[in-house]
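Visitor: Assemble the dimeric complex from its two separately framed chains, guided by the hints.
Quick mapping for you: the protein sequence lines, in order, are chains A and B. What the first sequence shows, in numbering that gives the first Met the number 0, is residues 0 to 434, in sequence order. What the second sequence shows, in numbering that gives the first Met the number 0, is residues 0 to 254, in sequence order.
It is possible that part of the hints are untrue.
What the hints assert, rightly or not - Computed beta-carbon distance windows for the label pairs:
#, chain 1, residue 1, chain 2, residue 2, range
1, A, THR353, B, VAL54, 26 to 36 angstroms
2, A, ALA377, B, LYS229, 32 to 42 angstroms
3, A, ASP178, B, LYS107, 38 to 48 angstroms
4, B, LYS164, A, GLU397, 15 to 25 angstroms
5, B, LYS107, A, THR353, 22 to 32 angstroms
6, A, GLN339, B, LYS181, 40 to 50 angstroms
7, B, ASP176, A, HIS85, 48 to 58 angstroms
Stated by the list, open to error - A short, non-exhaustive set of chain B residues, derived as facing chain A with CB atoms under 8 angstroms:
#, residue
8, ASP50
9, LEU161
10, LYS164
Unchecked claim - The list that follows gives simulated cross-link-like pairs (lysine-lysine, BS3-like), each with its CA atoms no further than 30 angstroms apart:
#, chain 1, residue 1, chain 2, residue 2
11, A, LYS331, A, LYS372
12, B, LYS107, A, LYS432
13, A, LYS71, A, LYS49
14, B, LYS164, B, LYS238
15, A, LYS431, B, LYS107
16, B, LYS107, A, LYS434
17, A, LYS417, B, LYS121
18, A, LYS138, A, LYS49
19, B, LYS229, B, LYS181
Just so you know, the hints here were simulated from the structure itself, not pulled from any lab data. Here the structure is a predicted model, which means the values were calculated and not measured. Glycine is no exception: its CB is placed at the ideal position from the N, C-alpha and C atoms.
The primary structure of each chain is shown beneath.
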Amino acid sequence: MTDRTHTKEWYLESFKAFEEGLNGQAGGSFHKIRKDAIKKFEEFDFPTIKNEEWKYTNIANLLKYSFVKTGKTSVSLEEIEEKLIHGLPENIIVLVNGVYNNELTKLLPQAKGVTVDSFSNVLKNNPDFISEYFSKYAKIENGFVALNTAFAQDGIVINVPDNKIIEDPIHILNFTGNDGENALAQPRNLIVLGKGSQVKLVESYHSIGESANLTNVVTEIISGENSYLELYKIQDENTESFHINMTQVEQKKNSNFTTYTVSLGGALTRNDLNTELDDENSQANLYGLYIIDGSQHVDNHTLIDHAKPRCESRELYKGVLGGKSRGVFNGKVFVRKDAQKTNAYQSNKAMLLTKDAMIDTKPQLEIYADDVKCSHGAAIGQLDDESVFYLRSRGIGEEQARAVLIRAFANDVFDEIKLEPLHEHLNNLVFKKLK
Amino acid sequence: MLNVKDLFVRVEEKEILKGVNLKVNAGEVHAIMGPNGSGKSTLANVLAGKDGYEVTGGEVTFRGKDLFELNPEERAREGLFLAFQYPVEIPGVSNATFLKTALNEIRKYNGLEELDAREFLKYLREKTKILGMDESLISRAVNQGFSGGEKKRNEIFQLQMLQPKLAVLDETDSGLDIDALKIVSSGVNTFRSKDNAVIVVTHYQRLLNYIVPDFVHVLVNGKIVKSGGKELALELEDKGYDHWVKHSDTVGAAV
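So that you can see chain B by itself, here it is in the shape it has in the complex (with noise of 0.2 angstroms):
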């Protein structure tokens, strides 16, 4: 589904970045983890198509096509989610407005037949459930006095909504209580299935109880230092990054 091959990314003349190899299949989730300043929002935001990433070496293929030969909006068409860390608010667009055009957008580009208001009202009903979120947050702008929480969740929401191939969940459990990551959680697992795949990006193991990877992967002055099973997450836990950032081969260390 994804293959990132020695990927190099710049930031305002920073190299973040430093040769990233990921590959991730259909039907597998994936843990990033690593400490701040590692690249783990780099790598989530230049995935998804962001100004300001400057693509310094290596190539990703997404779905057979070269990701950076597409625009954002025909990422997302194509079937790549990021859900963000830092939700935008957008006054005066309602969440219904905002994800029937994008919804609708996604099916044209998928030679699939619009939804019209009725249908889609009735898809979004059953979606709210599943994330146990009042109706009326559906006419609210998007994510407009919502708080972190309720943001974080509305990217889960939307991720419902949307049914991408390819989910990337940008430290998608940073400000969350206990309950609220149970949500967001369970949001992500009935998502799940052989035909999608989960990249979930990550500071600290705690999510990784709830959204259990197949595989992690810890990133360290922007490189994939080591890999392994859902154990490695709980061995970075106990060590912490200090041993990997000691054993990183890259010269300057971390923040």
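Just chain A, with the same shape it has in the complex (with noise of 0.2 angstroms):
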């Protein structure tokens, strides 16, 4: 059992270790943003429940494992097999524990033009491209991206040019653990959509045996003007491991970010998503859906920052909370002098099967302009016992009548979704955890 101290000083060691292992990489610019991350990490440690942010979210059995990077950075084909969304055609993009696999990349003919390739490569030979986004939008404000960032060497480096539309999805798989371990994944993820451009991402997060891991990522992304980007984040790991997620969206003008946040593995779970709409008549949806039993724990933190004029952003999120589970709605919406004309709405409802479940919910609004349109709502309510009664008057049985309504409450999160199979892989996985 290690305590705080212990574990601090396990990473700072770690990163010692680290820069050892960098060869000549350690006296670039580069590096020094590592070593004021590293610093920051020493500054911050991790959060604790004192910390405004982490109120109810308590990550002191984190803490208790020594997370390592581990040496396993392949799987077979039919684990990747299972986990691709069927009916659909995709551009397979596969990590393993945080570390970008080129062998198992395939993408397709229309990806043509895109730069895909591992965060350290483009480090190497493009460092500009790098500079000119890293860490310039996720800021470090707490230990996991100080951590992320300190450690940033592998992950994925996504560059589409300007017109370019991908057709089919992009589908980035991430696995993590080996058997026995207890294994560290820190991706640090750089996406540049150029102007105009149209892209469907999928980053989906897979475990590799039943042992306790650490996924601890950030991606940067940013929208170039009347760019449209859907992004779906799928949390399927097993429920002894730790996720912390932080995703930033910088928004140009005319831009449409779309996003749905499904998560339903992990013993605990963080998404942070922030999006900043720095430029006029940009679009924001952001939607998510967690269904969670036994003692599992979801946090999810939105930012919604209407920097500039006449945008519009749409927040969804449903939880479905059954056993002991614990679900925290964090949702800010700011809105700025000068954001006139903006419109923004927010809603936020659970359902609680148990009495033992339990959701802690907390919509943020600060609006400083004058000319807007801003609505929020939380819901928290059990199943309808009418409504359990109508079905099972028809001769549907009890348990199944509970499915039918607990699946109709979760799956309008999804209705907006207009590619088929990708509807249907959710509705599964839907189905799936439910049962």
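Guide: Encoded structure:
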């Protein structure tokens, strides 16, 4: 059993070893960013519940493990096949324990012109690209982002040229784990969408083996003018694991960012999803669904920053909580002084299936402009007894009646998804989790 | 088909049914009429198995089985159907999904093969025609956005789809205009056969012009105080319920 100080020391030691292994990079300007980050980690340490943003999410259990960067860098084709979306061609990217695997990555001809490469390769071959964007958006505000930034070496870089439309989804499959070890994966991703480009991105997370692993991922996304991005994040790791995910998006003029965050696995999951509407006429749609039971904990923190006028944001998060599970939703919407004609709608609903399930929900609207339309709503409820009885009175068994109603509650988060096989894939994941 | 013997039912500490006796055979239509508070809906709900109704005496056999030994879905699978007075809305669950699941559960229980999607759709289309329902209503969520009349018609549509042995209609006529009344009644009349039975619970005689009963029972203060043929309904229309309330031999007037 390790205590806090011991754990902090563990990671600081790991960083020293990591530095030594860098061979010459250690002197470069990029490395300075890493060093500053590890200093910040030392300063902040891991967040405690005394930290306002982590008030309802106690990570004490995570600190009990000494997570290691493991040597497993490959998975079998069968393991990949299992996780693909059926009925749809996909551009497949594979990361194992946070490291990009080139052999398993298969892009379709339609992706020609798009840069898909490991973070470390781009850092080596095109450092200017990295220094233009890296760590400019994802601010280091806690120990996890600090740690990811300090250890940034692996992950994926996707650079989509102007006006490039990629028809089929780019599916980034993340596998974390190695039998008998507590693996640490810290992918650092950078996605840049050129003007007028259109991309669908699926980011799925899976575990190898049953041990507890830690995936600490930071993704920075720059959505160019007139770009269109659909981002699906599917967290389906084993229920011993920890998943800390920070996604920071910068939206340029007329851009559309639509995202679905689906959390099904993990012992503890923390999603930080932030988007800055940094120019006029942009749209952000944030959908979330989490289905948890046992002693699972899912914390969704979102921030939609209306920095400029005439943008619209819509947010809908739904949770189904059973067992003794715990959900947290903190949805911040900032509307800055100059952001006139902002439309911002937020809704957060949770269905508690047991009396031990619990949800903490905190919608947070800070509005400094005066010509805006903003609304927010939170609803927490249970299965409607009358509806259950109605279904039973028609011959549907009690358990099945409850399942039908829960599925109906959960599934409408996916109503807007136009890609049928993707919609089907998500419905199936929900169906499986609710069994 | 149904034998209600000396049934006593309590709801929230208050005794509502105080010894109801009723025998319904296949091929028959029984009307249960009574003033508000007489226990009409209580009788309908306790037969369907709704929570919150405590049986304090008597027994009910349905097709030879002890009804109270069966849970709500078992009663439905045995062939009991309740057309609700206030049908609930179920967002996110389409009429089609709901009915296919229910129908196949009932078929499975009764040793019949389940209908596949194609067969089900064909069956469903036939039935929508009987009730003059727009096919688009089928893909809509159950009762969502339906008017009162549309909800009642949807209950009778479900009746037609599930073909139960005993249909209990709980104030199906309330809130319906004449046209809706005609459609709903015709749905029930097409359902009627020598193999099934219907119990029509109603406050007003008007419905019984369209769904003509074989037997009429007057329920007052939790007991059936008079039974007769269809003329009894007309007599009630003429004289009102007061006559029976005054003659009811239970202490405490119905509200």
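Visitor: Indicate, hint by hint, whether the structure satisfies it.
Guide: Comparing the hints with the structure gives:
no. : hint                                       : result
1   : THR353/A with VAL54/B: 26 to 36 angstroms  : 29 angstroms, holds
2   : ALA377/A with LYS229/B: 32 to 42 angstroms : 55 angstroms, violated
3   : ASP178/A with LYS107/B: 38 to 48 angstroms : 43 angstroms, holds
4   : LYS164/B with GLU397/A: 15 to 25 angstroms : 22 angstroms, holds
5   : LYS107/B with THR353/A: 22 to 32 angstroms : 29 angstroms, holds
6   : GLN339/A with LYS181/B: 40 to 50 angstroms : 57 angstroms, violated
7   : ASP176/B with HIS85/A: 48 to 58 angstroms  : 50 angstroms, holds
8   : ASP50                                      : 7 angstroms, holds
9   : LEU161                                     : 7 angstroms, holds
10  : LYS164                                     : 12 angstroms, violated
11  : LYS331/A with LYS372/A                     : 15 angstroms, holds
12  : LYS107/B with LYS432/A                     : 26 angstroms, holds
13  : LYS71/A with LYS49/A                       : 36 angstroms, violated
14  : LYS164/B with LYS238/B                     : 34 angstroms, violated
15  : LYS431/A with LYS107/B                     : 23 angstroms, holds
16  : LYS107/B with LYS434/A                     : 21 angstroms, holds
17  : LYS417/A with LYS121/B                     : 28 angstroms, holds
18  : LYS138/A with LYS49/A                      : 20 angstroms, holds
19  : LYS229/B with LYS181/B                     : 19 angstroms, holds
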